[in-house]
Every structure is written in structure tokens, then in C-alpha cells.
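Those sequence lines, one after another, are chains U and B. Using the numbering used here, read the first sequence as starting at 1 and increasing by one per residue. Using the numbering used here, read the second sequence as starting at 1 and increasing by one per residue.
Please keep in mind that the hints were generated in silico from the structure rather than gathered at the bench. Even glycine gets a Cβ: it sits at the ideal position worked out from N, Cα and C. Do not rely on the hints blindly, as some may be mistaken.
[To be verified] Which bits of chain U does chain B cover? Going by a derived footprint, with three or more residues having C-beta under 8 Å, they are:
(1) 87-100
(2) 140-148
(3) 189-196
[Said to hold, decoys possible] Result set (BS3-like, lysine-lysine): computed pairs, CA atoms no more than 27 Å apart in a straight line:
(4) K274/U / K257/U
(5) K125/U / K61/U
(6) K3/B / K9/U
(7) K359/U / K334/U
(8) K142/U / K61/U
(9) K9/U / K6/B
(10) K66/B / K164/U
(11) K164/U / K46/B
(12) K274/U / K314/U
(13) K354/U / K396/U
(14) K324/U / K334/U
(15) K142/U / K129/U
(16) K88/U / K46/B
(17) K215/U / K259/U
(18) K324/U / K274/U
(19) K215/U / K192/B
(20) K314/U / K362/U
(21) K359/U / K397/U
[Stated by the list, open to error] Chain B is faced by these chain U residues, among others (derived, beta-carbon under 8 Å):
(22) L12
(23) M103
(24) E106
(25) L110
(26) A113
(27) K175
(28) L183
(29) I186
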Amino acid sequence: MRRNSLWVKLLLYQSISMIIMVFSIGFILLNSLNLQNIAYERFQEEHYFQELQTDLSEIQKPLQDYLTGWSSSSLARLLFLMETIREKIPEERPILPDETELMKREVYFLIDAYLARVNNIIEQKRGRKVLEYTANYEESIKLYSHISARINSISLSGFRFQLKEYRGFLDLFRKIQYQNLLLVVIATFFAYALLLQMGQNITTPMFDLSQMAGKLSDGNFDVPDLHFRSINEVEQVASAFNQMKKSIHHYINELKKQKEMEQQIMTERVRNLKMEQLLKRMELYTMQAQMNPHFLFNTINTGVQLAIVEEADKTAEFMENLAKLFRYNIREKKFFVPLRHEVEGLKTYYNILKIRFPKTLKLVLDYDEGLLDRFSCPNMILQPLVENSVLHAFKKKNHTGTIMVRIVYEEPVLVISVKDDGVGISENLVKDLLTPHSRDYQLGPKVMGLENVIQRCYFLYPEHDDAIDIKTTQGEGTEIIIRLHTEVEPCIE
Amino acid sequence: MGKYLKFLTLFLGLVFIGFFIVSVRLLILNPLLLSADQPGDPSRAKSFHYAFFMPSSDYSFFNSLKAGALDASDAMDCAVNFNSINEDMLSFEMASFSGIDGIAVFVYDNSPAVLSELEEISRLGIPIVQIENEAIIGSNAFFIGTNSFDSGKSIGRIALFAEKNAVHIALIYSEKNPGLMSDANLVEIGLKTTMGDRLRELSTGRTSLNPIDAERVVYDLLLRNPDTDIIVLSDMNDTLVAIQAIIDLNLVGQIQIIGFGEDETIREYIRKGVVLGSIVRNPYRIGYSAVMALKEISTIGYTSAYIDTGINILTRAEVERVHNGSLR
Numbered sequence: 001m002r003r004n005s006l007w008v009k010l011l012l013y014q015s016i017s018m019i020i021m022v023f024s025i026g027f028i029l030l031n032s033l034n035l036q037n038i039a040y041e042r043f044q045e046e047h048y049f050q051e052l053q054t055d056l057s058e059i060q061k062p063l064q065d066y067l068t069g070w071s072s073s074s075l076a077r078l079l080f081l082m083e084t085i086r087e088k089i090p091e092e093r094p095i096l097p098d099e100t101e102l103m104k105r106e107v108y109f110l111i112d113a114y115l116a117r118v119n120n121i122i123e124q125k126r127g128r129k130v131l132e133y134t135a136n137y138e139e140s141i142k143l144y145s146h147i148s149a150r151i152n153s154i155s156l157s158g159f160r161f162q163l164k165e166y167r168g169f170l171d172l173f174r175k176i177q178y179q180n181l182l183l184v185v186i187a188t189f190f191a192y193a194l195l196l197q198m199g200q201n202i203t204t205p206m207f208d209l210s211q212m213a214g215k216l217s218d219g220n221f222d223v224p225d226l227h228f229r230s231i232n233e234v235e236q237v238a239s240a241f242n243q244m245k246k247s248i249h250h251y252i253n254e255l256k257k258q259k260e261m262e263q264q265i266m267t268e269r270v271r272n273l274k275m276e277q278l279l280k281r282m283e284l285y286t287m288q289a290q291m292n293p294h295f296l297f298n299t300i301n302t303g304v305q306l307a308i309v310e311e312a313d314k315t316a317e318f319m320e321n322l323a324k325l326f327r328y329n330i331r332e333k334k335f336f337v338p339l340r341h342e343v344e345g346l347k348t349y350y351n352i353l354k355i356r357f358p359k360t361l362k363l364v365l366d367y368d369e370g371l372l373d374r375f376s377c378p379n380m381i382l383q384p385l386v387e388n389s390v391l392h393a394f395k396k397k398n399h400t401g402t403i404m405v406r407i408v409y410e411e412p413v414l415v416i417s418v419k420d421d422g423v424g425i426s427e428n429l430v431k432d433l434l435t436p437h438s439r440d441y442q443l444g445p446k447v448m449g450l451e452n453v454i455q456r457c458y459f460l461y462p463e464h465d466d467a468i469d470i471k472t473t474q475g476e477g478t479e480i481i482i483r484l485h486t487e488v489e490p491c492i493e
Numbered sequence: 001m002g003k004y005l006k007f008l009t010l011f012l013g014l015v016f017i018g019f020f021i022v023s024v025r026l027l028i029l030n031p032l033l034l035s036a037d038q039p040g041d042p043s044r045a046k047s048f049h050y051a052f053f054m055p056s057s058d059y060s061f062f063n064s065l066k067a068g069a070l071d072a073s074d075a076m077d078c079a080v081n082f083n084s085i086n087e088d089m090l091s092f093e094m095a096s097f098s099g100i101d102g103i104a105v106f107v108y109d110n111s112p113a114v115l116s117e118l119e120e121i122s123r124l125g126i127p128i129v130q131i132e133n134e135a136i137i138g139s140n141a142f143f144i145g146t147n148s149f150d151s152g153k154s155i156g157r158i159a160l161f162a163e164k165n166a167v168h169i170a171l172i173y174s175e176k177n178p179g180l181m182s183d184a185n186l187v188e189i190g191l192k193t194t195m196g197d198r199l200r201e202l203s204t205g206r207t208s209l210n211p212i213d214a215e216r217v218v219y220d221l222l223l224r225n226p227d228t229d230i231i232v233l234s235d236m237n238d239t240l241v242a243i244q245a246i247i248d249l250n251l252v253g254q255i256q257i258i259g260f261g262e263d264e265t266i267r268e269y270i271r272k273g274v275v276l277g278s279i280v281r282n283p284y285r286i287g288y289s290a291v292m293a294l295k296e297i298s299t300i301g302y303t304s305a306y307i308d309t310g311i312n313i314l315t316r317a318e319v320e321r322v323h324n325g326s327l328r
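This is chain U alone, in the form it adopts within the complex (with noise of 0.2 Å):
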């Protein structure tokens, strides 16, 4: 049991209390008995004195008849007194400057010589000196009545003496008494407000802990630890509260982080789900572009053939660069291929243009060399750019449209442009294409390839808001520009 218990803590207080009110009544009984052993050690004196008296005035009778008549039971008694007496005086006599101590001791030393002139008497009496035993009757006759006057005189000093004191042994018991009863009341409430702090010591506390925990259910966790002494088990009450207090704060804030981490799950997967949109409408617009893809390839292949058979060469090569197209389109599933894939899928795309316009479309390539095998770049973005620039770009144009490719590396950023000289985008459809698409956005049929390219971009790289840029001016043509951070991680799930 620990010191600062509850338990502990009543049985101290209730002792303490219980010890001030013995305490205090054993004190008046002692005074009491103190007083009363005043009183009865005042009167013993007195009492002793009369029994010495009593035993003097004893003497007579046995004396008288022993000188009387012989009688040997007399002088036996005589004997008997006269030792008894001389066994109750003390022999130790000390001269105390008060006047009734005085005369006690002259009693002393009276009946000292009193005994002694009795002892003569007898044995004057029994040597029969008739005369010396007479007279010295008579002085012993006298000596005692001295005695008997000094006694006297010493009860009634005594008397006086204790009727002097009486007075103030009333004064004193009366003040004792007065002093007793405060006392008692002192003690009363003293262990009343003992045990009204302790109740305080434990109320006070709850009370704190209860406006706390009204905090608390308010949601206000930034209150301050409490801290009081008081008993243990309070102690520890306030302790496991502060201690709750920390452990419900700290599950709130990890719910709280657990809630912020499965949010931004749920947005990726959001954006994870557009783009399987994408690229399932991607495929779609490939699948479109292609009907039956394999079926076109396996005929497009017996059309070479049979310009081949049939010597129709332009129409051969036309055929075989259809061929190509549908075999990169089938081919490239990944959603990143080396540039090199991406770069021969333009050509031959290009290929087929130029037997389609002979002299209004030209393509114009630049880069090096080195950078196709080097980096690699999201699956069909240079095709569907090209494409949009020959769709969109020169229809009201009627002189050779170019279209310029574009590859630099500028570290770490590959920076891929496609540029035509066309009539340009407004500015309002630029606005609209540079938008990233929200989760609910239905993408409209008609700017499939251009604006699947921009959004695949952004989703691509989510961190990077130049990952694709369009440069227009109404007239003079429009440049789109990629620029892919060689060193992030695109965000592929």
C-alpha cells in the first residue's frame, strides 16, 4: 500500500483526528486526576497529623493505669503505642523556611521528647521514685497538651492554607475546565477542516478532470496536461487521463493522415482509370482508324503482291508502306517505345502522305542520330501531331504546307516540336486542348488525336505543367512542343 493512498490518506486523517480528540480528552481526564491528586495530597497531610493525635491521646489511658495500677497489658500497650508512633514520625527533619514546616518539625522533636519523658516515667515507675515520676507526669502532662496545641495549630494553618488555596485551585480547575472545553472545540475543527481538505484534495481534482473531459468530448485536444497532488489513486487517475488524452490525439491525427493517404489513393486511382480510358480509346481510335487491322494487313500485303505481279511499282510501295503502318500500329502495345520505333513509324506514315499530297505536304525531320536509340517516348504521339497538322493545318492553305519535326535533347529535358506553317489554332481551342481533363470529362469524338496526346502527357507527368505546350499564331502556323524530363519516373501504374 502506498504512502499517498487513498486508503493511507483516510486512515491518517481519521487517526490524526481520532489522536487530537484522545489527545485532548485524555488531557482533561489527566488535569482532572492532577487536580483531584492535588487536592487529596493536600488533605493526606492534614489526615496524618489527626492520626498522630489520635495515637497520643491514646497514650493517656495506658500510661495513666499503668502508673496506676501495674498493669502489664497497659505497659504493653503503652509500648505498642509509643513504637507505633515512633515509626509514623521521619527521622529525616529538614528546616523548610515556612512557618507551618517549622512547627511540623518542632512536633517532631515534641513528641520526640514526649516519647522519651514517658520512657522515663516507666522506668522511674519501676525503680518507684515516686516523686520523679510524679513530676515528671505532670511535665509530660503539659508537653502533650503542647503537642495537641501545636497540632492544632498546624491543622488550623493548614485549613487556612488550603482554603487559601481553594480559592485558587477553584481558579485553576475553572480555567482548565474553560481551557478544555476550547480546546475540544479547537480540535473539533481542526479535524473537521482536516478532513474537508482531504475531500478537497480528491474533489478538486474530479472536478478538474471532469471540465477536462467536457474539453475533451468538445474536441479541443490542445488543453493542458493536469497536474495536482492529491492522493495516488487521483494521481493516477489524472495520469492515465493525460495519457488518454495524448493516445486519442495521436489515433485522431493517424486516422486523420490515414484518411489524407487513402484520398490521394483514390485520386490516383482516379487518374490511373482516365488513363486506362485513354488508352483504351486510343486503341479505339486505332482499332477505328483500322477495322480489322490484321485483316488489312494480310490484304494490303496480297494488294503489294499483286502490284508487284502486275508491275504497278508506285502502287507496290504505297501498299507496303500502308503494310508498315498497320504493323507498327499492331506492334507497339507498350505505352513507351524507343524513339527510333516512334521516329520510323512518322516515316512511313509520312510515306503514304506524300502519294497522298505530292507536292502540298512536306515533312521536314531534324535531330540526331544518337538521341533515337538514347531515349524512348510515349507510344504514337509524333504520328497523331503529324496527322492533325495535315488534317487541321492547311485546309484553307494553298501552298506547300510544311511540317517540321523537331528532336533536341536539352538536359535533362528531350524536347520534341512538331511545327506547321498552317493557319494556326484559336486561341479559346488552345485554352481548351492545354486543359487537363477532369474525372468526369467525356472526351468528344472529334479531336481524338491531338488532344489524347496532350492528356496522356499530363497524366504522364502529373508534376509537370509544361510537359506539353502549343505555340500558335492565327495565319502563320502552329508549333506543339513535348518536353519529357528524362529523369522522372513517368507516373505509369
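Given the coordinates of chain U, work out where chain B should sit on it, guided by the hints.
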């Protein structure tokens, strides 16, 4: 609230302790409980016990004498008690059986019973100091008091202040001052020596222990000797009674008084000229010296056989001087 309660508890605790200490102190320090203050406390024991035998009169002379004796006993290693020699003669007779180490006795009359008892005490070897009256002469009997011849001379010196060439002096002795009475011849010789021819006639009288006896004696004296010029009293109480008698008889200025003792009333009458002067003994010194003498006898075996405690005279000039001094 908590702070107040703590203070209250502390306050009550302190009050309780304080009150308890006061209570215990009251009990412990009460004279009823202090053994040191109790008459029977053995630690106060003394080595010698002396008994004083004096007339049981409540005169200032005896009271001062007692005070002197008690102070001496406090200062020295002895205890004294006081017995009546006139009312309780038995105590005096039994003194030799009382275990005392010495007695101081003021013999107011030289009765045979007193003298024989003194002889008996002396025979038993108990030291006796006789105050003012040397009743017996013995190897262990000593005297302490004033010299009667000197007293007579002092009376004469005061009487010379009377503006008369031949005066008739009435000397009234008193049982209250037995020393002077027993040495009456010495007193008278001293008086005559000082006054010479200016003392025309000397008559005497005597008062008993009765405190108002002096009035009767004064009336008788004046009846017998109407030409008395100065009445000399040998006791302070007698002096006061005699003054009143002279005033009552309307003889102030005609008859002058030489008083005995020092008292405010006597001083006032000296200042007014009713009293010519007063013989002043020092009873305190007598009492003190008596105890000192007894102690010397007990410890070293002897003391001076004759100790003069001296006398003073109180005249109008002295009283005026003191009076004017106190007024300033």
C-alpha cells in the same frame, strides 16, 4: 477556496498547538502544582532553625523586626519562625524541646517565669539573642538593640529644642518597649547628662501592652503633674495616642511631646510643631542583626555579646528638609 481551507487548517492547527501549550503551561506553572513553590519542597531545606519569641502585637516595630529577620533568613542558610511570648507562654517553655538551633527573644517583662525559662534554655546550651532587653547574663546569651543611655541622651538632645530654660519632663515607659523600661535608670542618666540644669523635674509613667493605654497614662500624669512641659513616649503607638490626648485636652503648644518611632502621622505632627521630635530605632536592622548573630553562633560558635543597632532622632528641621525636598 482550496487555499483558504489550507490556511484555515493551518491556522486551526497552530491555534490548537498554541492553545495546548498555553494549557499545559498553565497547568505546569501553576503554583499549586509547582513543587518548588510548595512549602514542603525538600530542595528549599535550610541548615538552621531559629525561633523568635516576641509580644504578639501588630505594631510596625515588630512587623519591621520580623521583616528584617525573614530577609536575613532568606539571605542566610536558616529558617525562622515567630512565637508569642505573652499569649503562648507554653511555647516558650517548650522551646528547648522543639529542635531549634537558637532563639531570639524580646522580653517585654522580666517576670520570674520568663527569666527562669531563659535560664533553663541557656543551661541546655541553646543560644539566646535578647532583643532590646538584656534579661539574663550568660555565656550563650547575647544582646542586640539600642543603647539605653544613648536613647536617654537623644531624648535630652530633642528636649533642648524646647524654648524653656527649666523643663519638667514626664517619661512614659511602655511594656511594648521593654528594653527601655528595664534600663530606665540608664535612660534617665543619659537624659540628665545631656540636659543638665535645664531639667527641672523628671517624672515617669508606664503603659501596658494595651494599645490605648497611653491616653489613660497621659491623663493621670497631667492630673498629678499639671506643670509638665514635655511628655516623652517610648513606643510609637503610645506616641500617637498621646498626641491625640494632648489635642483633645487643648494643650497643644503648652505641652510638647517627644515621640518614639517614625510614622507619617508623627512626621506631620513634628512639622506642625505638636511633636518636638522623635526617637527612631531601626527594627528591621534589629531583626536582621538578630538572625545574623544566631547564624554566627551556630556556625563559628560565638558572636559579639553586645550589638548596638543605633538610634536616630527626627526633628522639625529634618522633617522640613525632607518635606521641602519631596515638594521640589
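Please flag the earlier hints that this structure goes against, numbers listed from lowest up. When the structure is compared with the hints, numbers 7, 12, 18, 19, 22 turn out to be violated.
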